[in-house]
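K.L.:
Model the placement of chain B on the given structure of chain A, informed by the hints.
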Amino acid sequence: MKVLIPTPLRSYTGERHEVEATGPTLGAILEDLDRRFPGMRFRMIDEQDAIRRHIRIFVNGDQVRSLRTPLRAADEVLIVQALSGG
Amino acid sequence: MTTKVSAPGAATGPVRLLVATRKGAFILKSDPARRSWKTTGPKFLGHAAHHCVLDPRDRRTLLLAARTGHLGPTVFRSLDMGRTWKEAARPPAFPKAAEGQKGRVLDHVFWLTPGLASEPGAWYAGSSPQGLFRSEDGGVSWAPVSGLNDHPMLAKWTGGEQDGTPDGPKLHSVLIDPRDARHLYVGMSSGGVFESRDQGKNWQPLNAGCLADFLPTPYPEYGQDPHCVRLHPLAPDILYQQNHCGIYRMARPEDRWVRIGASMPKKVGDIGFPMVLHPRDPDTAWTFPMDGGTVWPRTSPGGRPAVYGTRNAGRTWQRLAAGLPAGQAWLTVKRQAMCADLHNPVGIYFGTTNGEIWASRNEGAKWACIVRHLPHVYAVEAVELRA
Chain A
1 MKVLIPTPLR SYTGERHEVE ATGPTLGAIL EDLDRRFPGM RFRMIDEQDA IRRHIRIFVN
61 GDQVRSLRTP LRAADEVLIV QALSGG
Chain B
1 MTTKVSAPGA ATGPVRLLVA TRKGAFILKS DPARRSWKTT GPKFLGHAAH HCVLDPRDRR
61 TLLLAARTGH LGPTVFRSLD MGRTWKEAAR PPAFPKAAEG QKGRVLDHVF WLTPGLASEP
121 GAWYAGSSPQ GLFRSEDGGV SWAPVSGLND HPMLAKWTGG EQDGTPDGPK LHSVLIDPRD
181 ARHLYVGMSS GGVFESRDQG KNWQPLNAGC LADFLPTPYP EYGQDPHCVR LHPLAPDILY
241 QQNHCGIYRM ARPEDRWVRI GASMPKKVGD IGFPMVLHPR DPDTAWTFPM DGGTVWPRTS
301 PGGRPAVYGT RNAGRTWQRL AAGLPAGQAW LTVKRQAMCA DLHNPVGIYF GTTNGEIWAS
361 RNEGAKWACI VRHLPHVYAV EAVELRA
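Residue numbers (the numbering used here), protein chains in the order written: chain A, 1 to 86; chain B, 1 to 387.
For the record, the hints were derived by calculation from the structure and aren't laboratory data.
The structure presented is a predicted model; accordingly, all values stated were derived computationally and were not measured.
Heads up, the beta-carbon is just placed ideally off N, CA and C, and yes, glycines get one too.
Check the hints yourself; a few may be wrong.
The calculated label-pair distances, taken between Cβ atoms and stated as ranges, are [stated by the list, open to error]: (1) B:197 to A:82: 40 to 48 Å; (2) A:18 to B:328: 40 to 48 Å; (3) A:65 to B:326: 50 to 58 Å.
Listed below are the simulated DSS-like cross-link pairs for lysine-lysine, each with C-alpha atoms no more than 30 Å apart in a straight line [claimed, not checked]: (4) B:96 to B:86; (5) B:86 to A:2; (6) A:2 to B:96; (7) B:38 to B:23; (8) B:156 to B:102; (9) B:156 to B:96.
If you only want the chain A side, here are some residues facing chain B, beta carbon under 10 Å, derived [claimed, not checked]: (10) 9; (11) 38; (12) 46; (13) 52; (14) 54; (15) 55; (16) 63; (17) 81.
Isolated chain A, as found in the complex:
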């Protein structure tokens, strides 16, 4: 399925803003991304499997908060970094 990558994470994807990943759940998709782009998952997901504070993940426009969220091949995953601070 299509995964849209935010600017701060594009150093992992060779500056590509859109990549393909496969898996039955959001967690599996992120694992797949990490296999192809090592280190990327830990910048988004902490060691307790929580989505980091400033990361938002949307599936077909709806925000999801659990790595167990089931996905279908036609879904579109959008990863967003919420900006704050100075």
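P.N.:
Chain B only, in chain A's frame:
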């Protein structure tokens, strides 16, 4: 155990300053006389760089502790003195907790310490919240030091999140006895100074004599707030610390801290963050006092910045302010942002939260600002490219 370690000669070549800032890392390069400086960088612009350290075993490898404000923490490695960088394959992280239990989450890597020459590839990392990690492959992969991170007393030693610094509670000052790679010290803010003699399997508090005026018991076994702890590389039984409650020195086997800051001028006080030692003389040290009164402004007392140095193990202190602003200069220097080189006379350097780097080529006798307008400086490390 012998007291001294054989002394290397003074360095004579150019110095590089590894400057870690809230917005990236910079490298300043000097000429051999240390009179002129050239700034390169930024590296990782926009990343919070907490510490950049050279591996003295090859004088080429750099490790950088970084966190991109909104992304997770990591460590970057350079094998060519900062020209190219690669992220650690397995950066420091706490173990995943069992289902239904609350696990700890690493906010950022704060401190990096290379291992001894006898342990090629070994590095230690201290983190926020307090955690200790070890790499045995040059910083590519990291594992928790569970003897500390899972110690049943850790929560009591460190208190809670509210007991940390404004940037979060930290483990810092990872020190290795140069005579024995198994003999480690760490500082925890809060928590105190702790010691292991078996490479991190077991730990003991080392805080006797050190005040904690913010606790019900003023001299507790643990719970103090060391800001920066240093071990003298040639006389490793001598430790200094700039603590939240003063400047201390310990000369082992007397396992008791002595408040050498008591001899500082009363109007200046002995509160600050960094602590710097002369590389060859264990009786000489420098600090950068800051205002720890009332609500803790953490700025130069009276707006008159000065380094204070002692040459007699803290019995007396000398104000070293020539060349520094005479007034209306409210500088803050963080605990990793002051260091010394290995030259003779020793060069001393400090970086400020308003982005200035100040240098003295003569052990503090005269100061000059060598760069300004950098981001908020977190850490400054002086390195020599040749002995």
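K.L.:
Would you settle whether the hint for residue 52 (chain A) is holds or violated, based on the nearest Cβ-Cβ distance to chain B being less than 10 Å?
P.N.:
holds, 6 Å
K.L.:
Regarding the hint that residue 55 (chain A) lies at the interface with chain B, is the smallest CB-CB distance below 10 Å?
P.N.:
Cβ of residue 55 (chain A) sits 7 Å from chain B, so the hint holds.
K.L.:
Report holds or violated for the interface hint on residue 81 (chain A), using the least CB-CB distance to chain B and a cut-off of 10 Å.
P.N.:
Hint on residue 81 (chain A): holds, closest Cβ of chain B at ~5 Å, below 10 Å.
K.L.:
Check the hint pairing residue 86 (chain B) with residue 2 (chain A) against an upper bound of 30 Å on the C-alpha distance.
P.N.:
Answer holds: residue 86 (chain B) to residue 2 (chain A) is near 27 Å, not above 30 Å.
K.L.:
Is the shortest C-beta separation between residue 46 (chain A) and chain B less than 10 Å?
P.N.:
Where the cut-off is 10 Å and the nearest Cβ of chain B is about 5 Å from residue 46 (chain A), the hint holds.
K.L.:
Keeping to a limit of 30 Å between CA atoms, is the pair of residue 38 (chain B) and residue 23 (chain B) held or broken?
P.N.:
holds, 19 Å
K.L.:
Are the Cα positions of residue 156 (chain B) and residue 102 (chain B) separated by 30 Å at most?
P.N.:
holds, 17 Å
K.L.:
Just to be sure I understand the hint, the distance between the Cβ atoms of residue 65 (chain A) and residue 326 (chain B) should be within 50 to 58 Å; is that true here?
P.N.:
holds, 56 Å
K.L.:
Indicate whether the distance between the beta carbons of residue 197 (chain B) and residue 82 (chain A) respects the range 40 to 48 Å.
P.N.:
Distance hint for residue 197 (chain B), residue 82 (chain A) holds at roughly 46 Å.
K.L.:
Next pair to validate is residue 96 (chain B) with residue 86 (chain B); report whether the Cα-Cα distance is within 30 Å.
P.N.:
holds, 25 Å
K.L.:
CA of residue 2 (chain A) to CA of residue 96 (chain B), is that 30 Å or under?
P.N.:
Holds - the C-alpha atoms of residue 96 (chain B) and residue 2 (chain A) are around 29 Å apart, at most 30 Å.
K.L.:
Close enough to count: is the Cβ of residue 38 (chain A) nearer than 10 Å to one in chain B?
P.N.:
holds, 6 Å
In the structure shown, a violation is registered for the earlier hints numbered 2 and 16, in ascending order.
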